[in-house]
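Protein chains: 6
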Amino acid sequence: MTNIEQYKVHKEPFYQAQGDEVALYEAAYKARLPVMVKGPTGCGKSRFIEYMAWKLNKPLITVACNEDMTASDLVGRYLLDANGTRWLDGPLTTAARIGAICYLDEVVEARQDTTVVIHPLTDHRRTLPLDKKGELIEAHPDFQLVISYNPGYQSLMKDLKQSTKQRFTGFEFDYPDAALESEILAKETGLGIEVCSKLVQIGQAARNLKGHGLDEGISTRLLVYAATLIKNGVDAKAACRMALVRPITDDADIRDTLDHAIDVSFA
Amino acid sequence: MTNIEQYKVHKEPFYQAQGDEVALYEAAYKARLPVMVKGPTGCGKSRFIEYMAWKLNKPLITVACNEDMTASDLVGRYLLDANGTRWLDGPLTTAARIGAICYLDEVVEARQDTTVVIHPLTDHRRTLPLDKKGELIEAHPDFQLVISYNPGYQSLMKDLKQSTKQRFTGFEFDYPDAALESEILAKETGLGIEVCSKLVQIGQAARNLKGHGLDEGISTRLLVYAATLIKNGVDAKAACRMALVRPITDDADIRDTLDHAIDVSFA
Amino acid sequence: MTNIEQYKVHKEPFYQAQGDEVALYEAAYKARLPVMVKGPTGCGKSRFIEYMAWKLNKPLITVACNEDMTASDLVGRYLLDANGTRWLDGPLTTAARIGAICYLDEVVEARQDTTVVIHPLTDHRRTLPLDKKGELIEAHPDFQLVISYNPGYQSLMKDLKQSTKQRFTGFEFDYPDAALESEILAKETGLGIEVCSKLVQIGQAARNLKGHGLDEGISTRLLVYAATLIKNGVDAKAACRMALVRPITDDADIRDTLDHAIDVSFA
Amino acid sequence: MTNIEQYKVHKEPFYQAQGDEVALYEAAYKARLPVMVKGPTGCGKSRFIEYMAWKLNKPLITVACNEDMTASDLVGRYLLDANGTRWLDGPLTTAARIGAICYLDEVVEARQDTTVVIHPLTDHRRTLPLDKKGELIEAHPDFQLVISYNPGYQSLMKDLKQSTKQRFTGFEFDYPDAALESEILAKETGLGIEVCSKLVQIGQAARNLKGHGLDEGISTRLLVYAATLIKNGVDAKAACRMALVRPITDDADIRDTLDHAIDVSFA
Amino acid sequence: MTNIEQYKVHKEPFYQAQGDEVALYEAAYKARLPVMVKGPTGCGKSRFIEYMAWKLNKPLITVACNEDMTASDLVGRYLLDANGTRWLDGPLTTAARIGAICYLDEVVEARQDTTVVIHPLTDHRRTLPLDKKGELIEAHPDFQLVISYNPGYQSLMKDLKQSTKQRFTGFEFDYPDAALESEILAKETGLGIEVCSKLVQIGQAARNLKGHGLDEGISTRLLVYAATLIKNGVDAKAACRMALVRPITDDADIRDTLDHAIDVSFA
Amino acid sequence: MTNIEQYKVHKEPFYQAQGDEVALYEAAYKARLPVMVKGPTGCGKSRFIEYMAWKLNKPLITVACNEDMTASDLVGRYLLDANGTRWLDGPLTTAARIGAICYLDEVVEARQDTTVVIHPLTDHRRTLPLDKKGELIEAHPDFQLVISYNPGYQSLMKDLKQSTKQRFTGFEFDYPDAALESEILAKETGLGIEVCSKLVQIGQAARNLKGHGLDEGISTRLLVYAATLIKNGVDAKAACRMALVRPITDDADIRDTLDHAIDVSFA
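Protein chains in written order, with the working numbering: chain A, 1 to 267; chain B, 1 to 267; chain C, 1 to 267; chain D, 1 to 267; chain E, 1 to 267; chain F, 1 to 267.
Read the hints as simulated data drawn from the structure, not as lab findings.
Hints may be right or wrong, so weigh each one.
One copy or two, either will do: identical chains are not told apart, so a pair holds if it fits within one copy or between any two.
[Stated by the list, open to error] Mimicking PhoX-like on lysine-lysine, the simulated pairs with C-alpha atoms at most 25 angstroms apart in a straight line are:
(1) 187 / 161
(2) 210 / 237
(3) 198 / 30
(4) 187 / 30
(5) 38 / 237
(6) 30 / 8
(7) 133 / 210
(8) 187 / 210
(9) 198 / 210
(10) 38 / 161
(11) 11 / 30
(12) 237 / 198
(13) 38 / 210
(14) 55 / 38
(15) 231 / 161
(16) 11 / 187
(17) 198 / 187
(18) 231 / 55
(19) 55 / 8
(20) 55 / 133
(21) 161 / 11
(22) 8 / 38
(23) 187 / 231
For reference, chain A alone in the conformation it holds in the complex (with noise of 0.2 angstroms):
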């Protein structure tokens, strides 16, 4: 028997609505119609989905896709026991089962055809075969599939299929508008607005850089490691360096650029 509590959300995750998105997801989850959620790195994709699991208090089963990954990791496999091989059913397969929102993180790194195995569920028939087993298992009423990708990694050798991408419905995020993003470091870190706009402005104009230099702007979780770090008593333009500067930038001009913009912001 499979657990069914321990992928349900149990306490509610910081969410900061953006626009309409909550009621249009909704909408697709009463239609059980597929989900793609595609943004920049960092910009509460996986956070909204967490909350949605927690708000229609359904399980969720969160995958992290990767290029090693076979249909296998997402379907089932036989183990050997000791009474010979049994079978245990991937993540894609329990939550067919049990009802689950499914949720493959980054899906284009999986293999592009290996990302076929999903297609029966995402149609018509709603159904999932186990070819090793010989079973057809029909998706459980609850169960929907929702998918993470990033446009900025596409490239031509990693990107999905249209006839995968056909199957689902798509939201789009960005980055918070300014007010929105301090208000939502102050509330996750508890320091002040002040530091925190200095913070976000420092963030936005990382984020003109993206394509001169940098391959993506500063996430909203670098500037709330950095409220953290400032919080707990960590100097500011240190803290700015270690959590905004270092981690997204092996570049010496660029690296200079940023650390003088945040020794101006912080002077």
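Since the structure of chain A is already known, use the hints to place chains B, C, D, E and F on it.
Relative to chain A, chains B, C, D, E and F alone:
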């Protein structure tokens, strides 16, 4: 014993014929000629085969092909058991034994050379050698092989070999014409025909962008998603953005063009 | 004990000789010289070998080669059993033991270097070392090796090595001439010779497009498909489109050219 | 039961601070923020982490990452046992359970996508899903993740993804300045400060050749090797050639340039 | 116990010496120096080694090398048995234990680096470490290693490393001269010397096309095939086309040129 | 229990020192510094290490590295036993436990990243984590790591990483000078010094061709082969062609040049 009933299609699937394809398929099945269905994403290929299996009252075994699929995944393999190894038929072998229609969905995803295992089943021999088991099985008289593929995907790297193609008769599908597609939306979702026509109009506009920034047009399936959300009370513009635009493009220009067309339609 | 009877061809296969190939094959078999049959898709290579096996009354073991085929798939492997491991002969080993004709179909699909395992069977030694079993088996006096390949497919990446080629005598096949091909269609399907001639005419027109938009011409097999459908009551034009055109091309221009030729033929 | 004591650093490692890195690390640890240490080969990154583990009195589990490392090597796998399969935690799982500092050394060597398994451990969730076991473990409150990498190695093929980088706070290391490095040599080997200063001078000269024929400068570690050999009675010039030159270059010109510098220093 | 007798060459193989190679081989064997035989396809390299094994009355273990061959295929591996795992010597290990001549045929086909396992057997150590078994075996005094390769195949990707080559003494083979080759054909097949001379003439003409459309010339083996077919009553022209032309070329021009030469010879 | 005696070098290997390498090695061993020996093929690197192991009276474990070697081949793995799985130490682990000199021959052949497993054994930690066993072993006080490599082979694809190189002290070897090399030949084979000098002269001529058609010069080992054959009664010219020329080149021009030099020497 394989449970044949689980592979039967018990409820008539919703299918709206576009031409004489039903009669032609029946003729091909009567002569047990292998069938290939071609066409773009989400135009109803799988639904058609499901409908024919229901109409002919034959079991249907569907295999979603993928690049990691080996010949063993189709044909079968030895499993370790309490008493040593035990042979487990793969879906192709099961279909050949019980006389099912075996439907290999998106067959070009499979390794080109894995597909040679279907050759002896598709000529006058109608046999399947299980090399690893040392058994040569003759296909059940009712067995038929069906494959689907999307010509829009073919690349130099991935195409069926002529020696495979030349073992099939072919059906070419496309999106239904506007009147028929509107009718399909209305019948499937219960939404009024007028709104459905607007959705189809947006879909057709987007299909003209194929090759000019879009890899594929908006499928009938996504139009059904949009209709479903509107029927469930979601604002038409929000539903279209979420079901018709966000899933298919990451390009800001294309997105804005489509969003604008939606705004005009539902102004 | 291997059941030899299951490998015997019990019913005379339909085969229409194109020249002196039957007598030459008998001479090659008499001296047990290895044989290579070359020719385009669907021209009757496999049928010829099956016919010769029937005529010589020798068992025939056919292996559809593919890129994932390892030497173990040909030679054999250890399986896990209730009492530990058990050796299972592969099809090549079985053929060498029982004195069958071993037919490696589309041999260039196999990894080029996997083919070296056939070398000691194709020279004066006529032995097969089972390295993993530590056994050296001598081929049964009736054993003969036959390979097929399609020169049209050869690329720089996939070709037989000269050290493999130079172990075979060769037969070169092509499509039969028009009169003979019409006769074959009529005999195999029971359709009138006049309609068969029209089908062959279309086939020959398409073969002229090879290299000008078509990778291969229309095979005799597809002509038989078209004749079968017509014989079963399908409209000649629909049957030709379905059996001769849709399977072999995704190109709209080529498709329309061929459809037009069909319309003219059956006007 | 895992023996925690074996992972404790029982003896204070020799570590000479270069700045405020000890206090900053303590702040990051206090908030359990993940840490990234960057810097050239042999500058003391691993020694610093070992020192901090000793100072904080926490167990330290080090994993030398490599390209063949799979997610299972980090997370764990099933082993075959007398009674069937038995789960064996990988080092990351062990660290998460016992509350160790888990140090992934040279993390970019691991397959880029294998690194996604650390994601849920590095955000607010602090969980590690053992997909193959169907278990979701919550990290021990003392658990912290640390990674090291050498920016000089990064190529287009091998770099951390931004979605990974943006989960860490960063420390940037470099070789110590001359006075401090001489002191380190003297303290570690017992060799006189004057000879140590000469060695450091040679090391700094070689570091200027980086990018001009040398891939990396001479590390502090190699200077310690040279000092050790001299202390043990080896001629200074022979010791330098053997410890500072032969290991780092195969180029005759660079070798002669460095040998000459050594001859001048110890003339 | 390994059955040594099965590796003995019991019947004198037909071998016609081309020079002093027999005496030189005996000297190399006397000093147990490793031997490399080089030469084009089908010129008699394997026959020579077989002859020497017969003459020296030593067991001969032949391994046809291929790209998928791992070091374990040469050295041995653990097999699962009723009582757990059991070690099975590979052919190289067997040869080293029983004092056989171990002949690695077409050694460059093996992965370049797999060949390093033969290194300790080919220098003064004459040992073979079975790393996986933790055993170090000393070669039997009679053991000798022989490798063959075809210089015509070497490419940048596949060549023996100098550190491997420089462990062997070398023999260079070529096709025999015309008189000797005709004599070989006559002796092996019983065909009259005059017809044999004509065959050799055709063979030599084709060898001049090497590099001008032919990858390799016609081997002595193929000439023997042609002579065999003629001796068995096949028309000389048909026999030549089948044995000398069809196997070695797919190019229509080359084929016609060779066919014409045959027609002239046997006009 | 590992049998240490089998790894001892019981008989003094023939070794002629070229300089102060013996004393320097002893100093490196005294401080247990890791050692790298560099030099061309067949110049005596392995013999030197064997000699030092004999001189220091320490067990020697040699591993011939190759591209297929995994970290498990060095460190150890679980084997299946009658009572489930059993751990088997790899050669590196055995060496670390018993205090042997572990000699990784041609280390660059191993996958670059596999070599990271030796890192913790080569710095102040001197530990080896057996991740798969959950054990951290401390190296025996007598343990030392030695690697060899041939700088002539290094390519962009295969080179040691600086973070690996900078863990070793280095010895650079080359062929001995003419007088010493002649003496070595005479001592090892018993052939007269005059003929040995001629052989060395030919070897040195060939070494000048390195980079001008030869990848490597003729090694001392091949000169010993030639001397051995001559001593055994083979004609000097035949011996030289067979031992010095045929193994190292497939190029007809180079071959003739070298053959001519031999003819002149032994005219």
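Cross-check of the supplied hints:
1. Within a single copy, residue 187 and residue 161 get their C-alpha atoms no closer than 39 angstroms, and across copies no closer than 28 angstroms, so neither meets the 25 angstroms cut-off.
2. When the C-alpha separation of residue 210 and residue 237 is checked against a cutoff of 25 angstroms, the pair qualifies only within one copy, where the shortest distance is 22 angstroms, while the shortest distance between copies is 31 angstroms.
3. For a Cα distance limit of 25 angstroms, the shortest separation of residue 198 from residue 30 across copies, 24 angstroms, qualifies, whereas the shortest one inside one copy, 41 angstroms, does not.
4. Taking the shortest Cα distances, residue 187 and residue 30 sit within 25 angstroms of each other only across copies (20 angstroms), while inside one copy they are farther apart (31 angstroms).
5. For the identical chains of this complex, residue 38 and residue 237 are inter-copy neighbours only, at 19 angstroms across copies versus 32 angstroms inside a copy, given an alpha-carbon limit of 25 angstroms.
6. For a Cα distance limit of 25 angstroms, the shortest separation of residue 30 from residue 8 inside one copy, 19 angstroms, qualifies, whereas the shortest one across copies, 29 angstroms, does not.
7. When the C-alpha separation of residue 133 and residue 210 is checked against a cutoff of 25 angstroms, the pair qualifies neither within a copy, at 48 angstroms, nor between copies, at 40 angstroms.
8. Within a single copy, residue 187 and residue 210 get their C-alpha atoms no closer than 27 angstroms, and across copies no closer than 46 angstroms, so neither meets the 25 angstroms cut-off.
9. For a Cα distance limit of 25 angstroms, the shortest separation of residue 198 from residue 210 inside one copy, 19 angstroms, qualifies, whereas the shortest one across copies, 39 angstroms, does not.
10. Both within a single protomer and between protomers do residue 38 and residue 161 lie at most 25 angstroms apart by alpha-carbon distance, with minima of 15 angstroms and 17 angstroms respectively.
11. In this assembly of identical chains, the alpha carbons of residue 11 and residue 30 lie at most 25 angstroms apart whether taken from the same copy (23 angstroms) or from different copies (23 angstroms).
12. Only within a single protomer do residue 237 and residue 198 lie at most 25 angstroms apart by alpha-carbon distance; the minimum there is 11 angstroms, versus 37 angstroms between protomers.
13. Within a single copy, residue 38 and residue 210 get their C-alpha atoms as close as 18 angstroms, and across copies as close as 22 angstroms, so both meet the 25 angstroms cut-off.
14. Only within a single protomer do residue 55 and residue 38 lie at most 25 angstroms apart by alpha-carbon distance; the minimum there is 21 angstroms, versus 41 angstroms between protomers.
15. With identical chains, the CA atoms of residue 231 and residue 161 are never at most 25 angstroms apart, being 45 angstroms at best within one copy and 28 angstroms at best between copies.
16. Within a single copy, residue 11 and residue 187 get their C-alpha atoms as close as 16 angstroms, which meets the 25 angstroms cut-off; across copies the closest is 42 angstroms, which misses it.
17. Proximity of residue 198 to residue 187 under the C-alpha cut-off of 25 angstroms is restricted to the intra-copy arrangement: shortest distance 15 angstroms within a copy versus 44 angstroms between copies.
18. Proximity of residue 231 to residue 55 under the C-alpha cut-off of 25 angstroms is restricted to the inter-copy arrangement: shortest distance 23 angstroms between copies versus 30 angstroms within a copy.
19. In this assembly of identical chains, the alpha carbons of residue 55 and residue 8 lie at most 25 angstroms apart only when taken from the same copy (11 angstroms versus 38 angstroms across copies).
20. For a Cα distance limit of 25 angstroms, the shortest separation of residue 55 from residue 133 qualifies neither inside one copy, at 35 angstroms, nor across copies, at 28 angstroms.
21. Taking identical chains as interchangeable, the C-alpha atoms of residue 161 and residue 11 are never at most 25 angstroms apart, the minima being 36 angstroms within one chain and 30 angstroms between chains.
22. For the identical chains of this complex, residue 8 and residue 38 are intra-copy neighbours only, at 24 angstroms inside a copy versus 38 angstroms across copies, given an alpha-carbon limit of 25 angstroms.
23. With identical chains, the CA atoms of residue 187 and residue 231 are at most 25 angstroms apart within one copy only, with a shortest distance of 12 angstroms there and 38 angstroms across copies.
Comparing the model with each numbered hint stated earlier shows that hints 1, 7, 8, 15, 20 and 21 do not hold.
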